[in-house]
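Colleague: In our numbering, the protein residues as written are 1 to 119.
Treat the hints with care, since some could be wrong.
What the hints assert, rightly or not - Computed list of lysine-lysine pairs in DSS-like fashion (alpha-carbon distance at most 25 Å, straight line):
1) Lys-104 to Lys-52
2) Lys-95 to Lys-112
3) Lys-50 to Lys-95
Just so you know, the hints here were simulated from the structure itself, not pulled from any lab data.
These figures come from a predicted structure and were not determined experimentally.
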Amino acid sequence: MLLITLIFLLFLLFPFLPSIKEYLNPRDILPLPIDFNYSRNPRYFSESFKRKLHETIKIEDVLKALDGTGILDFHGEDIKIYHIDSIPSGMELNKIIYMLGDLKTGENVTIKGECFLSR
């Protein structure tokens, strides 16, 4: 039983051996540079995503597409922009839908992609 306890304690202590060795005999001359005035930005991912969108989509292309039915090139994939008030009956949509306002559909409409609505 004593042997099992000693083996357990050895396994418990083993991960800490390099840090104990470094603490007793330091080899680093300078500490790691840490900026203590740094603060995390909770909106980092949303801001970086918006920045990537602005870099990828040209405003002129968006304005042309918004004037009528248009196509945007986004990372090699064509994004079609349609100006419709409702989705006609019997349509099957496999793409992402983004609508301003309420989504109105006819009968037997199948939407297999994501659907985002905004007011």
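Colleague: For every hint, state whether the structure bears it out.
Modeller: Hint by hint, here is what the structure shows:
About 32 Å separates the Cα atoms of Lys-104 and Lys-52, which puts this hinted pair outside 25 Å; it is violated. Pair hint Lys-95 plus Lys-112 holds up; C-alpha atoms about 7 Å apart against a cutoff of 25 Å. At roughly 21 Å between alpha-carbon atoms, Lys-50 and Lys-95 fall within 25 Å of each other, so this suggested pair holds.
Violation of the numbered hints given earlier is confined to hint 1; every other hint is satisfied by the structure.
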